[in-house]
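Student: Sequence:
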Amino acid sequence: MTTPSTSRPPHRRLLTAALTTVALLATATVSACGGSADAGGSASKIRIGYQRFGGLSLVKARGAAPDVEWSLFESGPALTEALKAGSIDIGQVGEAPPVFAAAGKIPFSIIGTSAPIPQGEAVLVKADGGYRSFADLKGKTVALNKGSNVHWLLVQLLKANNMTLKDIQVKYLKPAEGRPAFDGGQVDAWVIWDPYFALAEQPGVQVLADATGLASNREYVLAAPDAVTKRPDEIRAFLQRYREVTDWGIAHPEERASTLAPELKIPQDVTSRALARSARPLAPVTPAIGDELQAITDSFIALDLIPGPVDIRSRVDSRFSAVFQ
Numbered sequence: 001m002t003t004p005s006t007s008r009p010p011h012r013r014l015l016t017a018a019l020t021t022v023a024l025l026a027t028a029t030v031s032a033c034g035g036s037a038d039a040g041g042s043a044s045k046i047r048i049g050y051q052r053f054g055g056l057s058l059v060k061a062r063g064a065a066p067d068v069e070w071s072l073f074e075s076g077p078a079l080t081e082a083l084k085a086g087s088i089d090i091g092q093v094g095e096a097p098p099v100f101a102a103a104g105k106i107p108f109s110i111i112g113t114s115a116p117i118p119q120g121e122a123v124l125v126k127a128d129g130g131y132r133s134f135a136d137l138k139g140k141t142v143a144l145n146k147g148s149n150v151h152w153l154l155v156q157l158l159k160a161n162n163m164t165l166k167d168i169q170v171k172y173l174k175p176a177e178g179r180p181a182f183d184g185g186q187v188d189a190w191v192i193w194d195p196y197f198a199l200a201e202q203p204g205v206q207v208l209a210d211a212t213g214l215a216s217n218r219e220y221v222l223a224a225p226d227a228v229t230k231r232p233d234e235i236r237a238f239l240q241r242y243r244e245v246t247d248w249g250i251a252h253p254e255e256r257a258s259t260l261a262p263e264l265k266i267p268q269d270v271t272s273r274a275l276a277r278s279a280r281p282l283a284p285v286t287p288a289i290g291d292e293l294q295a296i297t298d299s300f301i302a303l304d305l306i307p308g309p310v311d312i313r314s315r316v317d318s319r320f321s322a323v324f325q
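What the sequence shown shows, in my numbering, is residues 1 to 325, in sequence order.
Treat the hints as calculated values from the structure; they're not laboratory data.
A few of these clues could be false.
Ranges of calculated distance between the beta carbons of each label pair, as one might list FRET restraints [stated by the list, open to error]: (1) Thr-286 <-> Gly-204: 38 to 48 angstroms; (2) Ala-160 <-> Gly-63: 35 to 45 angstroms; (3) Gly-308 <-> Lys-138: 23 to 33 angstroms; (4) Asn-161 <-> Ser-258: 39 to 49 angstroms; (5) Pro-307 <-> Thr-286: 39 to 49 angstroms; (6) Val-170 <-> Asp-226: 16 to 26 angstroms; (7) Arg-231 <-> Ala-276: 19 to 29 angstroms.
As a list, the in silico SDA-like pairs of lysine to any residue whose alpha-carbon atoms are at most 20 angstroms apart [stated by the list, open to error]: (8) Lys-265 <-> Glu-254; (9) Lys-146 <-> Ser-216; (10) Lys-84 <-> Gly-104; (11) Lys-166 <-> Gln-156; (12) Lys-140 <-> Asn-162; (13) Lys-126 <-> Thr-141; (14) Lys-171 <-> Asp-136; (15) Lys-265 <-> Gly-63.
We treat Cβ as the ideally placed atom computed from N, Cα and C, and that holds for glycine.
Using the sequences and the accompanying hints, generate a full structural model.
Tutor: Listed below in structure tokens is the structure:
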């Protein structure tokens, strides 16, 4: 494993600085109204938890929902903890965070999802490492964020290659920790999602595998039960704006990238590359979606990654599905 030189070319320094900015801003978990996610927010506004880059970021960047409070999170697990604390009403996560949250007895409903986004997460390795397939990582150190969408991708990759968790050394690192560890050769592979994925795609980095044929990597819209039962009209109105902005972005990719790049604090070409593979339409939750999540949940339980039993099907709430159809 080659450790990068401390003397980096200008483009490398620029992208490294951009990633650091994204990570630091996301870790801060700030609110657009000046408060923090722990502050509880104003009772008169719907409180939205978002991750930098997801569809909600575009809603915020376009100013399409001026009557809500925004709170930023680095990852899905951090966002579900805010749901547990009662700090947000709605949030957007990947497919594993709802599973871990349900296992942790966090109250929430699953009110929306997206089309599959399998190319939006991947296993990255150094190009000079001689890796040809995921099976070549046997005995190697693999970094990922615990409980995030990439956790399910790892499980599926192991299964597809007749491997188990005992065949690799898993190192749980948040995105802000994963990139320096990967760059510095402290881990052999990094399983990560966009836009961190796109930022890391530089000369000398190889995409070993993505989720194609292995995991749907859908986005999920979660809501606090009190908000769903007490403020359904406000939630429906917000989801309608969310749907409209998402559809607009898909129809106008260049404008979408130019709008999101300043919000993400990353170069526009990187934003465009990530969005080209990771921006997908929103979709209603259905019994089939409940079955898909339950299968993921049951797999995590079988691997002793979460305690069981967990009935995640019962968390699926289709009352807002008409917005996404």
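Student: Of all the hints given earlier, name the ones this structure violates by number, lowest first.
Tutor: Going through the list in order, the structure violates hints 5, 6 and 7 and respects the others.
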